[in-house]
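Novice: Use the sequences and the hints to build the structure in full.
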Amino acid sequence: MIMRKQLQRFSHEDQVLLSKLTSLKRCVDRIRSKTPATPAELQGDMDLQDIISLNLQRAVQICVDIASHIVADLDVRPPMTMAESFERLRECGILSDHVCTRMKKSVGFRNIAVHDYFSIDWNIVHTVCTNHLDDFSTFAREIMHWMQAGTPDSCE
Numbered sequence: 001m002i003m004r005k006q007l008q009r010f011s012h013e014d015q016v017l018l019s020k021l022t023s024l025k026r027c028v029d030r031i032r033s034k035t036p037a038t039p040a041e042l043q044g045d046m047d048l049q050d051i052i053s054l055n056l057q058r059a060v061q062i063c064v065d066i067a068s069h070i071v072a073d074l075d076v077r078p079p080m081t082m083a084e085s086f087e088r089l090r091e092c093g094i095l096s097d098h099v100c101t102r103m104k105k106s107v108g109f110r111n112i113a114v115h116d117y118f119s120i121d122w123n124i125v126h127t128v129c130t131n132h133l134d135d136f137s138t139f140a141r142e143i144m145h146w147m148q149a150g151t152p153d154s155c156e
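Counting from 1, one number per residue, gives the positions in the sequence shown under this note's numbering.
These are calculated hints, taken from the structure and not from any lab test.
Note that the coordinates shown come from a computational prediction; the quantities given were computed from them, not determined experimentally.
Glycine included, C-beta positions come from ideal geometry on N, C-alpha and C.
Check before you lean on any hint, since a few could be wrong.
[Said to hold, decoys possible] Quick list of the computed label-pair ranges, beta carbon to beta carbon:
1) H145 <-> D47: 18 to 26 Å
2) T127 <-> D75: 34 to 42 Å
3) A37 <-> D73: 40 to 48 Å
4) D75 <-> A40: 49 to 57 Å
5) T22 <-> V114: 40 to 48 Å
[Claimed, not checked] Cut-off 27 Å, straight-line C-alpha distance, at most; resulting in silico cross-link-like pairs (DSSO-like, lysine-lysine):
6) K34 <-> K105
7) K104 <-> K20
8) K20 <-> K34
9) K34 <-> K104
10) K104 <-> K25
11) K105 <-> K20
12) K25 <-> K105
Specialist: Have a look at this one:
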């Protein structure tokens with residue numbers, strides 16, 4: 001059984017997570033407001049590409065930061081990669097299988113956007129923006145549900 005190292009949650013810890021969740025919402029809202037109707041419009045507008053890719057990168061990084069912050073407070077094996085942070089939350093019942101899988105895929109996009117920007121397929125980015133932004137909202141809901149539960153988490 002794995003328990004939180006400290007059973008008492010400090011309001012400061014909650015505030016850190018809430019601040020990150022607010023930043024995540026801002027990034028997602030920005031992406032929604034700037035996503036053009038078609039992939040061709042995105043391919044033809046470098047400013048939109050920059051705004052959308054930067055906010056997608058930020059959204060993914062915020063989710064990684066949230067996961068890492070929570071994992072640091074759990075008595076679990078430390079993750080070796082960003083994607084493993086989400087796996088640890090899934091193992092502890094904090095994230096669903098679906099959200100864990102979607103977040104791990106988002107890390108793959110983030111790595112391409114950061115390290116190999118010129119190979120980005122803007123058709124895929126447009127699909128992410130139009131069909132998968134809710135993954136971030138679902139992640140946030142699952143984190144909020146865990147925060148509101150206020151009970152020690154256990155993993156088996």
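Novice: If a hint holds in the structure, say so; if it doesn't, say that too.
Specialist: How the hints compare with the structure:
1. Here the CB-CB span from H145 to D47 is close to 37 Å, at odds with the stated 18 to 26 Å.
2. Separation of T127 from D75 is about 39 Å and conforms to the stated range, judged on CB atoms against 34 to 42 Å.
3. The hinted range of 40 to 48 Å is satisfied by A37 and D73, whose Cβ atoms lie roughly 43 Å apart.
4. The hinted window of 49 to 57 Å between D75 and A40 holds, with their beta carbons roughly 50 Å apart.
5. Evaluation of the 40 to 48 Å hint for T22 and V114 yields a failure: the beta carbon distance comes to about 23 Å.
6. For the hint linking K34 to K105, the alpha-carbon distance of about 22 Å falls within 27 Å, and the restraint holds.
7. Simply put, K104 and K20 have alpha-carbon atoms about 18 Å apart, close enough for the 27 Å limit, and the pair holds.
8. For the hint pairing K20 with K34, the CA-to-CA distance comes to about 21 Å; that is within 27 Å, so the pair holds.
9. Of the pairs offered as hints, the one joining K34 and K104 holds, with about 24 Å between alpha carbons and a cut-off of 27 Å not exceeded.
10. For the given pair, K104 sits about 19 Å from K25 by alpha-carbon distance, which is consistent with the 27 Å threshold.
11. The straight-line distance between the Cα atoms of K105 and K20 is roughly 20 Å, inside the 27 Å bound, and the hint therefore holds.
12. Restraint check: the Cα-Cα separation between K25 and K105 comes to about 19 Å, which is no more than 27 Å; the hinted pair holds.
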